[in-house]
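Enquirer: Using the sequences provided together with the hints, build the complete structure.
Just so you know, we're using our numbering here: the sequence shown kicks off at 68 and counts up by one.
To be clear, the hints were calculated from the coordinates, so they are not data collected in a lab. Careful, some of the hints might be misleading.
As the list claims (entries may be wrong) - Label pairs and their computed distance ranges (CB to CB):
{"#": "1", "residue 1": "R272", "residue 2": "N197", "range": "44 to 50 angstroms"}
{"#": "2", "residue 1": "E160", "residue 2": "L362", "range": "41 to 47 angstroms"}
{"#": "3", "residue 1": "E112", "residue 2": "N197", "range": "39 to 45 angstroms"}
{"#": "4", "residue 1": "A361", "residue 2": "E257", "range": "41 to 47 angstroms"}
{"#": "5", "residue 1": "S156", "residue 2": "H440", "range": "32 to 38 angstroms"}
{"#": "6", "residue 1": "N351", "residue 2": "S158", "range": "25 to 31 angstroms"}
{"#": "7", "residue 1": "T126", "residue 2": "Q347", "range": "42 to 48 angstroms"}
{"#": "8", "residue 1": "R403", "residue 2": "K178", "range": "29 to 35 angstroms"}
{"#": "9", "residue 1": "G151", "residue 2": "E257", "range": "19 to 25 angstroms"}
{"#": "10", "residue 1": "K168", "residue 2": "T126", "range": "32 to 38 angstroms"}
{"#": "11", "residue 1": "S388", "residue 2": "N353", "range": "22 to 28 angstroms"}
{"#": "12", "residue 1": "N143", "residue 2": "E421", "range": "26 to 32 angstroms"}
All residues carry an ideal CB built from backbone N, CA and C; glycine is no exception.
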Amino acid sequence: MRRSKSGTSLASSTYDPYDLDHLDHFEETVNDDVPSRDLRRSIEESVEDYYDMAPREATIMETPPSALEALRMIHNGHPCVIKGVSPLSESAEGHDWSKSKVYEDVAGDEKVTVAVTDDGWADSVRTLPNGRKTFVKALDAKMTIKDLVSRNRRPEEDREAYYLQSQDGNIYRDTPHYCGDLEDLDMFQEYIKRDVEWMKGAVGRESEAVNLWIGDSRSTTSLHHDPHVPFVVYCKDADVGSCSFENIYHVLAGSKIFTLLPPIETAHLKQRFYAPSTLQRDENNNLVPVLDAALARPSSSSSSSSSSSRDGPPKIPWVASKQTPKSSRKIRITLREGETLYLPAGWWHRVEQEEGDEGLVVAVNYWYHHEIHPAQYAYERLFRRVAISSGLKESVVPPMGDEVADEIYKSDPNGEE
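Expert: Now the structure itself:
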């Protein structure tokens, strides 16, 4: 058994990085020459080095941290469940925020943007009828919060999934960093604080975005890390490398189940580039994915005409599998009503939901600027380059600037690379 740097035996779940049978979670088509195998051993050694030092569970704070304690928390870069935090302002006192009527009354007849899917998996990879895979976004629909709640209370087998998940700073946003219209849910600014004060003090600036999430157990967020789709798709001219976020996530109603993986697990996740699609209604009113390139193409244009490799929408790097690799050492957290999660920048997460008494799941999250440290930045990019050099080019997305532009804009009307 491999031993830790302190000389003590590691847990029984630890594998021997020199046993190449453990590399079965990598692509079967990777290079199998000796240098590539040596590099893959080095990758596995790096993963083991991380787990030699990292806690196996989330940290628990029974009381909110001070700004200094929050700064230490950020420095540690490990998930933390925090008790006693509230994003609600004084104006929110006297209201039961686990009840749907509160949200319905605040929003009134104002229509908000709601993601509609047939299966609850917005922002995920699907297989088209032609066998190609594509990254699929939900159909955006406008409706009142009352209508959203009403539709989600229908019998599950007879309905689609409706999820308020616009994640573009729908309550507050740092406008210079965002494209599009004003906040969709600015009527909640009276009741939701602009900032978590100890987090603002720790990072030295206001939150980049504050979002409200309303849904039910049908909606699941597939495995991803922040920044999510808004910067990559809607603000594609932004410097994505500078848009990592520290995430403060608070549950107001129901529960959220987080499955978390540290950034070191990136090499195991088979992340690839996919042409983006959006769900649309077909002639039978069913939701089907349609490639964004086809939606953007003028109806009069010939399907055989060629276009520049930069004419179409950029491809999206995503993990297709709905399951985490068996070899990964995930952290699972059930975040209950009134609890807050600190999710460090770069951590992979999949989010499931459990309704409260009213069949409702509500959360608010704050995205804060992540300070990029030069050494960490360089080591992360080196790790990706080594993984790619070891033969994992089809599983690991290159660092920004390393041939990414040609890859994400490459003409491919059928979907997956």
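Enquirer: None of the hints should be skipped; say for each whether it holds.
Expert: Each hint, compared with the structure:
no. : hint                              : result
1   : R272 <-> N197: 44 to 50 angstroms : holds (47 angstroms)
2   : E160 <-> L362: 41 to 47 angstroms : holds (46 angstroms)
3   : E112 <-> N197: 39 to 45 angstroms : holds (41 angstroms)
4   : A361 <-> E257: 41 to 47 angstroms : holds (42 angstroms)
5   : S156 <-> H440: 32 to 38 angstroms : holds (34 angstroms)
6   : N351 <-> S158: 25 to 31 angstroms : violated (46 angstroms)
7   : T126 <-> Q347: 42 to 48 angstroms : holds (44 angstroms)
8   : R403 <-> K178: 29 to 35 angstroms : holds (31 angstroms)
9   : G151 <-> E257: 19 to 25 angstroms : holds (23 angstroms)
10  : K168 <-> T126: 32 to 38 angstroms : holds (36 angstroms)
11  : S388 <-> N353: 22 to 28 angstroms : holds (25 angstroms)
12  : N143 <-> E421: 26 to 32 angstroms : holds (28 angstroms)
Of the hints listed earlier, the one the structure fails to meet is number 6.
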